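**Student:** Residue numbers (our numbering), protein chains in the order written: chain A, 1 to 419; chain B, 1 to 419; chain C, 1 to 419.
Bear in mind the hints are in silico, worked out from the structure with no lab data behind them. Do not rely on the hints blindly, as some may be mistaken.
When chains are identical, the list treats them as one kind, so a pair holds in a single copy or across two.
[To be verified] Cross-link-like lysine to aspartate or glutamate pairs, in silico, EDC-like; alpha carbons within 20 Å at most:
1) 86 <-> 66
2) 219 <-> 34
3) 368 <-> 116
4) 348 <-> 221
5) 348 <-> 46
As the structure is a prediction and not an experimental result, all values here were calculated from the model.
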Amino acid sequence: MYSVIEALYPICRSITGEGVRQSLSILSKYIPLEIHEIPSGTKVFDWTVPKEWNIRDAYIKNSKGEKIIDFKNSNLHILNYSVPIKDKMNFDTLKKHLHTLPEHPNWIPYRTTYYDETWGFCLSHNQFLELQEEEYEVLIDSSLEDGYLTYGEYYLPGETENEILISCHICHPSLCNDNLSGMVLTTFLAKYLSSVSLRYSYRFIFIPGTIGSITWLSKNELSLSKIKHGLVVACVGDSGPFTYKKSRRGDAEIDRVVINVLKHSEEEHNIIEFFPYGYDERQYCSPGFNLPVGCLMRTSHGQYPEYHTSADDLDFIQAENLASSFLLYLSVLSVLESNTKSLSLNSKCEPQLGRRGLYDKLGAQTDKEIRQMTILWVLNLSDGEHTLLDISERSDLSFDLVKEVFDTLVEHNLLTEVS
Amino acid sequence: MYSVIEALYPICRSITGEGVRQSLSILSKYIPLEIHEIPSGTKVFDWTVPKEWNIRDAYIKNSKGEKIIDFKNSNLHILNYSVPIKDKMNFDTLKKHLHTLPEHPNWIPYRTTYYDETWGFCLSHNQFLELQEEEYEVLIDSSLEDGYLTYGEYYLPGETENEILISCHICHPSLCNDNLSGMVLTTFLAKYLSSVSLRYSYRFIFIPGTIGSITWLSKNELSLSKIKHGLVVACVGDSGPFTYKKSRRGDAEIDRVVINVLKHSEEEHNIIEFFPYGYDERQYCSPGFNLPVGCLMRTSHGQYPEYHTSADDLDFIQAENLASSFLLYLSVLSVLESNTKSLSLNSKCEPQLGRRGLYDKLGAQTDKEIRQMTILWVLNLSDGEHTLLDISERSDLSFDLVKEVFDTLVEHNLLTEVS
Amino acid sequence: MYSVIEALYPICRSITGEGVRQSLSILSKYIPLEIHEIPSGTKVFDWTVPKEWNIRDAYIKNSKGEKIIDFKNSNLHILNYSVPIKDKMNFDTLKKHLHTLPEHPNWIPYRTTYYDETWGFCLSHNQFLELQEEEYEVLIDSSLEDGYLTYGEYYLPGETENEILISCHICHPSLCNDNLSGMVLTTFLAKYLSSVSLRYSYRFIFIPGTIGSITWLSKNELSLSKIKHGLVVACVGDSGPFTYKKSRRGDAEIDRVVINVLKHSEEEHNIIEFFPYGYDERQYCSPGFNLPVGCLMRTSHGQYPEYHTSADDLDFIQAENLASSFLLYLSVLSVLESNTKSLSLNSKCEPQLGRRGLYDKLGAQTDKEIRQMTILWVLNLSDGEHTLLDISERSDLSFDLVKEVFDTLVEHNLLTEVS
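Please take these sequences and the hints and turn them into a complete structure.
**Tutor:** So, in structure tokens, the structure goes:
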């Protein structure tokens, strides 16, 4: 995953344009992405698909003709969605178009101007302090013209038409944690799941933030009822503890599953209530849809100083964090896949476990005792009303153990799955 | 309000009699009170309207003929509802009719004998200690005869027939906090509300405690279903923190509103559960009615040492406390008036706020961020099921802010009120 | 109760056999037990009634012919349900059949082999350490043959057919707390209740653990719906605090009643959630029945070191603990007996208590105030929906006080019981 991020890092992405197409093309090497192109001007609910933005070059030269700010050094230098300009101006005029972060004087901030046609440059505050009262030459060789909004989608069919939605935003330029990490994790999750047998169908979408999810929801409004669970994938490469932001419902199965998995993972983590800010869960959880979609991150957006700055670079994320995030996502999906209701075929009194050898499994004494308690809990709650997740929650035993015992008891014809 | 209390203070009130009529007459200068006179002997549920009590004079003279206790000095000196007496007696006989407060030797206690025909005097314990073994002359020039129970009512019609009941007890003699403070606050609240446009109709009642609310409920039994919310007003002039005693229901809208307003007021306050003792909420919340009526006080009855003594005087209450209590009541009623359900007209995804200038309001950065979050919360919860109070509770944003944002969004045709 | 335990202590009980019959015969002196004999081989749900086990003698002799382990010294020496054997063997062979408790080297453990036909001896670890490498003579004069499973039952009819089930296990040999204490407490409870008038019918069952309750449930399946509440009686003689293990339902009336009684008893106690391990509540609370049966103990099974060892002897239990356990059980049953719904006959406003003398009861001032508050609470909640238990829970007043006040108010025609 890390090496794919390295390949994606230099590309200048935005909510539209060639950077998005190049990025999806790289991810298409791993999974068969279907690319959608939605024309500028298309009405999507209360919004309109904007003009397509592309940029070839941009710089600021001083009076000696030296490029003191150069887009080729960092695509964060340009206010994303800047209109073209080629002009000379004094420092006072230029200054109104410069953005810096005084509290982190070496970092370049990331700023956008999607819905306000202007231009600007972002630079480190130290660079800014070196600027003189002189004449500057400013060039932004960009275009803002009718074109398309581009997004990628991969549908992986399972046994049923019930869907799990996995969504990531792809609109940020050279920022690694937010959200190249989410883009590659989603890709590798899709690649892995395509190799195993699945109860649910999966829909992976790679979209520009906000306008992308709005566009996708608008185009898929009639089939949203198939979505039973969903996750927004973002900020999964940093070294912070996991953060799960619940869906607007707060007690959806996806919420309970992620909380359960995190609890039994014994990893440090934070569970936070839904609030209507953040990533595309804002749209999925808008009142007209209220989809059961949460957001599973490491450090939450805005909660680390490197957020939306040039410091969210290749050093800020680590391969092992991506790997453990990947495994956590797999655990969550694995619980959803196997979370069925259980019905005892001997519901009146306990079945006799001894004659079936169910008390005699090998293992350390403690393991045997926990396993025996798990057997008794699973049998006791297998009334056809409790799911395996319910059993895990009530018994405080991990879902994995409950599931393993459930499978053994099904083999012994003591339990059956019910829907 | 304080000067009206000064005018009411000297009057000797009881559950019936001229003192009540004089008091209501003073309040009638501010609001058009309708005066009801219910004859003695009228059956009201399990009770009977008692004989009317009036008193002209009362004293105890020592053997030298000096008035050592004089009703004209304080109407608390007389056991309220004492039958007439004119007699001479020795100290031992007199002593059985004397009431003092040894733990506060300078204060005169307030005592009553409504349903037991006897007589008595209340005096400070220091006065009592000076009494000698000598002959005393005792006079109580009172009358206890068939007459009327008097109460005042003011009905203020609003847009709908749904009513808010505001009730205060008027039966105490010279006690300021309990409850001249409640009587004047209710009067000025009524006066103010009569000058504004109202969704609810309001019914203000000025009644003797217990027998008064029982009588009123008995006379108005058929129209009680119109009462949607109610508050008993008492002890609102002292300097203690606010106390809200919930209705018997515990989760009525009035309970949630008062708790919400107090929480966001950042004033120190106590929320207490309903218990079947206190003021007229005892009757409104009796099981056959179970009206959503709470009691909003400053220091709760019985919780301050001056309670029911001569120390609950004009010094014990302050004009600024009356004022802040008045404002709190207004805030509560204002929330009730504007607590409607909100429905988004763009419920599928967020509406585009930028092009409506809704991100551009002036103000400090922090204010802008809070305001923006409020906009997002109100939009997100405007599914036609949540009231503005629900939104305030879930977002932990003040009702005032939620309401202000709601109004702005209605202006922009993004939301509408639904019932 | 203690002296009956002394009589029962020496008998070697098991899940079947003469020891059970002798024990039930002793208890039959106090209550008219109906004895049930279920033939070996009878199918009971997933189980089969086992062969009947009886034992006359057992010992291990060393090479000098000395009885170094003798069943006549303690019936715990024999692995319960051992098959007969008469053989000579060396130490290495014998060792595989010996069970000790190294962490308590003076105590003999209690072990069973109900469903695995083998044999063995239990001994103190100190005894074990003295054994030499020599030839041993081993005798177990037992029989394991078709016979019967024996249990006792006493049905005490009340006013209604609704039943309270009181169940104790009778299968342990010389162990006092677990469960001679439960057997005698159940017996004396039955004896006492047979002398008083009862609303509920009671069913007391004296059964071997697990297989006994399974057998009883199997034989009585069609009448289980009459069981409205139940308790499993065990470990009620030790000096630890009370422990209540809730029914699987967790909020059954029996759960709320025991918790209420323990709370107001001011005795130290623990409330624990249901878990599917322990005594016969495992069967009563299996998903096919889910009966409202909890387990009321002093120290819970497995939570004291003497549990299932020779140290659970006549010194480990005390007569006064048995007595206080008995009184607690009586309090619980007394609440169940009198927990009716209450309806006010004056539900509109408070009734006038003064003219009925209900404010004038003798007693200390504090008692009078608590009593008056109780009167007001009971009246206020007597809407025909609240039980006396509900009233006790909401008012935080003891059930006994609530019940006493309820009875007084019924006498005064202010309340009536409703169902």
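**Student:** Work down the list of hints and note, for each, if the structure agrees.
**Tutor:** Against the structure, the hints:
no.	hint	result
1	86 <-> 66	within (16 Å within a copy, 107 Å between copies)
2	219 <-> 34	within (14 Å within a copy, 65 Å between copies)
3	368 <-> 116	between (65 Å within a copy, 19 Å between copies)
4	348 <-> 221	between (47 Å within a copy, 9 Å between copies)
5	348 <-> 46	between (58 Å within a copy, 9 Å between copies)
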